[in-house]
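K.L.:
Taken in order, these protein sequences are the chains called C and B.
FYI, the numbering for the first sequence is 11 to 246, going by this note's numbering.
FYI, the numbering for the second sequence is 11 to 246, going by this note's numbering.
Fair warning: there could be bad hints in the mix.
It does not matter which identical chain is used: a pair holds within one copy or between any two.
What the hints assert, rightly or not - Straight-line distance between alpha carbons at most 30 Å, and here's what the computed DSSO-like set of lysine-lysine pairs gives:
| hint | residue 1 | residue 2 |
| --- | --- | --- |
| 1 | Lys-131 | Lys-243 |
| 2 | Lys-125 | Lys-43 |
| 3 | Lys-43 | Lys-131 |
| 4 | Lys-43 | Lys-243 |
| 5 | Lys-210 | Lys-44 |
| 6 | Lys-210 | Lys-243 |
| 7 | Lys-243 | Lys-125 |
| 8 | Lys-210 | Lys-125 |
| 9 | Lys-131 | Lys-210 |
These are calculated hints, taken from the structure and not from any lab test.
Letter by letter, the chains look like this.
2 protein chains.
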Amino acid sequence: MQKQQTNLSAETDQQSRPGAPRLILASSSPARKKLLEDAGLTFSVMVSDVDEEAALAQAQEEAYAAGLGQITPAQTAQLLAKAKARAVAALPEASGALVLGCDSVFELDGQPYGKPGSADKALERITAMSGRSGQLHTGHWLVDTRPGSVQAAEASSLRTASVHFDQFSPQEAAAYVATGEPLWVAGSFTLDGFGAAFIKGIEGEYHTVVGLSVHALRGMLAELGLSITDLWKTSH
Amino acid sequence: MQKQQTNLSAETDQQSRPGAPRLILASSSPARKKLLEDAGLTFSVMVSDVDEEAALAQAQEEAYAAGLGQITPAQTAQLLAKAKARAVAALPEASGALVLGCDSVFELDGQPYGKPGSADKALERITAMSGRSGQLHTGHWLVDTRPGSVQAAEASSLRTASVHFDQFSPQEAAAYVATGEPLWVAGSFTLDGFGAAFIKGIEGEYHTVVGLSVHALRGMLAELGLSITDLWKTSH
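Generate the whole structure from the sequences, applying the supplied hints.
P.N.:
What follows is the structure, given as structure tokens:
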């Protein structure tokens, strides 16, 4: 897992509704940004340094101390979503906003798979996935820093979807890796890109597989007394 | 069902691989176009006049004559995909290309639902769908007009996905209709837009629900002796 760069950027091309709360996506993933845009939401992107390895190591230590054993891939997704959201929520620039953190972990045979990072590793993993099924876990953590909101009001949601891969030939696997697309995504595959050709189907939510469930966001907003329709941009 | 306008347009912003077959999408749907673009395919869009009502009436007559009874929503999707693909394949401009026709029909309680076309009708249907599940049928028909290909080589694929809707409030339903988005889509809902917030999950393919299964296209191309990777653009 790699450290994320500090990166502050504000979207200005979207028109928000008057009086609508401000939403910040605490993730640098282009797929999550695109997904929120497609779903018609007004938001900005703000990413903060999170030492993911340190966060997980501390959580694992606490889990062992509590007699909970090894942290699962699903718990890992949720823990990192929380770490990302809280890191951005602590920034002065995020004051008064809703901050959404997300993290996705792919699970095959009980093992977690993150971004492969190299072509060799991606090819190896894709070959192992051919004709099989895995789970995509996406953790969501929403921090409410609006004035007047309950101190540290937070909501969270963990979503899991099963992904069924078709069998693919060595030529197809090599061509897919050559696109570069699978190298930097959890589980070495994309549902929203070239990889679409190789997915037989899913059980669960498309958006969970891509990395951010809009349905989960609607539920978390409702827990905080908000409607997702208030965050819709006025023109699509 | 409405007649479609004749509309010829060629995409020029995508780079195709040398020697790759030319793919034409015989559909005016922006969602299908976006989906193929996201999946990294090189293609152009060409739409021809199809009298959908006449095509269905004739098919229904033949079905009755053959003792098959009422045409199902799934059969309707497949018949219209065929009609669209063949109409474009017959145009001189499509000569030498692969022509893909698609059509989607939403089924709830055994009844087919097309585009609502008005806000009142959309609201009525959305209210009826709250908390329930329906099926989205997408028919695919691929016509191969390349020189040297078998006379009238064709491949087809029918895909069905179940869609589970969350319950939504009258306020949410009204806000969704006010976006205008559900008025012109099969079944009055979008998975790739504002509607994402209200879908609990699907069983099947995301792409089937949006209106074009890239996985089905890969299978049809394989039937014609082609690999989908040959249609991938060289840069994403």
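K.L.:
Work down the list of hints and note, for each, if the structure agrees.
P.N.:
To see whether the hints hold, each was checked on the structure:
1. Lys-131 with Lys-243: between (40 Å within a copy, 24 Å between copies)
2. Lys-125 with Lys-43: both (18 Å within a copy, 29 Å between copies)
3. Lys-43 with Lys-131: The answer is within: 26 Å in one copy meets 30 Å, while 32 Å across copies does not.
4. Lys-43 with Lys-243: Both: 14 Å inside a copy, 23 Å across copies.
5. Lys-210 with Lys-44: Both ways: Lys-210 and Lys-44 sit 23 Å apart in one copy and 20 Å across, limit 30 Å.
6. Lys-210 with Lys-243: between (33 Å within a copy, 22 Å between copies)
7. Lys-243 with Lys-125: between (32 Å within a copy, 24 Å between copies)
8. Lys-210 with Lys-125: So Lys-210 and Lys-125 pass the 30 Å test inside a copy (22 Å) and across (27 Å) alike.
9. Lys-131 with Lys-210: Within. Shortest intra-copy distance 23 Å satisfies the 30 Å Cα cut-off; inter-copy 34 Å does not.
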